[in-house]
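Asks: Here is what each chain is made of, one letter per residue.
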Amino acid sequence: GEDVEQSLFLSVREGDSSVINCTYTDSSSTYLYWYKQEPGAGLQLLTYIFSNMDMKQDQRLTVLLNKKDKHLSLRIADTQTGDSAIYFCAESRNAGGTSYGKLTFGQGTILTVHP
Amino acid sequence: EPEVTQTPSHQVTQMGQEVILRCVPISNHLYFYWYRQILGQKVEFLVSFYNNEISEKSEIFDDQFSVERPDGSNFTLKIRSTKLEDSAMYFCASRWTGLWPEAFFGQGTRLTVV
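Line by line, the protein sequences are chains A and B. This note's numbering puts the first residue of the first sequence at 2, with every later residue one more than the last. This note's numbering puts the first residue of the second sequence at 612, with every later residue one more than the last.
Don't read these hints as lab results, they were simulated from the structure. What you were told as hints is all true, and nothing was included just to trick you.
DMTMM-like mimics (lysine to aspartate or glutamate), calculated; alpha carbons at most 25 Å apart, straight line:
1) K69(A) - D59(A)
2) K57(A) - D70(A)
3) K668(B) - E6(A)
4) K668(B) - D682(B)
5) K69(A) - E3(A)
6) K653(B) - E39(A)
7) K71(A) - E713(B)
8) K57(A) - E3(A)
9) K68(A) - E713(B)
10) K694(B) - E679(B)
11) K668(B) - D27(A)
12) K653(B) - D70(A)
13) K653(B) - D84(A)
14) K71(A) - E3(A)
15) K653(B) - D4(A)
16) K694(B) - D674(B)
17) K668(B) - E3(A)
18) K68(A) - D27(A)
19) K68(A) - E655(B)
20) K668(B) - E629(B)
21) K668(B) - E679(B)
22) K668(B) - D4(A)
23) K57(A) - E612(B)
24) K653(B) - D27(A)
25) K653(B) - E6(A)
26) K653(B) - E3(A)
27) K653(B) - D697(B)
28) K69(A) - D27(A)
29) K57(A) - E713(B)
30) K71(A) - E655(B)
31) K57(A) - D4(A)
32) K653(B) - E670(B)
33) K694(B) - D673(B)
34) K694(B) - E667(B)
Please build the complete structure, drawing on both the sequences and the hints.
Replies: Have a look at this one:
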C-alpha cells in the first residue's frame, strides 16, 4: 500500500531557509500536498503539486518533486517564528472521483524557528 | 474565507457511550471526509461520502462507525460504543468536486474516551 515518510524534527534560525523532505512509495500518486498545523488548529493546505510537475513556487514556498526518486520537498525562504508548526506531506492517487480526496499523510515534521 | 467548522472542539466520553462529532463543510462542496489522528501517529483516512452515501472507507471504519448528512449543511460521524483506543483528534474535510484536488480541513475535534 501507499506510504509517506518524513523526518520528525527540523530546527532553523529566523531568516534562514527551511527545507522539509518527504518520500512516498505510491507511483500512482497524482497530487502531492503540504499541510501546516499550528498548535490547537486544524490542517491548513499550504500548496500542492501535480505529479507531472517538477517545481511549484508560491511566494516564500517552493515545492520540488523528484518523481523518479519519489521525493518531495518544501522550501520556506526567510523562515519566520510564525512558521513554527507541524508540516505534513500527503499524497493522493490518480483515480478520479473521491480518490482525489483520500489523502495519505506522513507523520509530520515539527519545524522550530529560533530567533 | 469559507472554512470547514467542527464541533465540539473537545469531547470527553465514558467508554461504551455513543458520541456524535459534527462538521459543517464548505457550502458548495460535494465530497466529505473524516480522518483521525491518534496522538503521536499519522493522520489516517476513515471514510469518504458523496451523493448521500459512503464512497470509500478504510479498515478502521468498522460497524461501530457511521456517517450521515442529516440536512443540507451538517456532516456527522457517530461512534456507537466508544473504546479507549478511539481517543484521537478527528478531522472533517470537504472538497468541491471530484476533479478539484484541494481538500480543506476543519480544526478537529479531540475525543477523549475515559
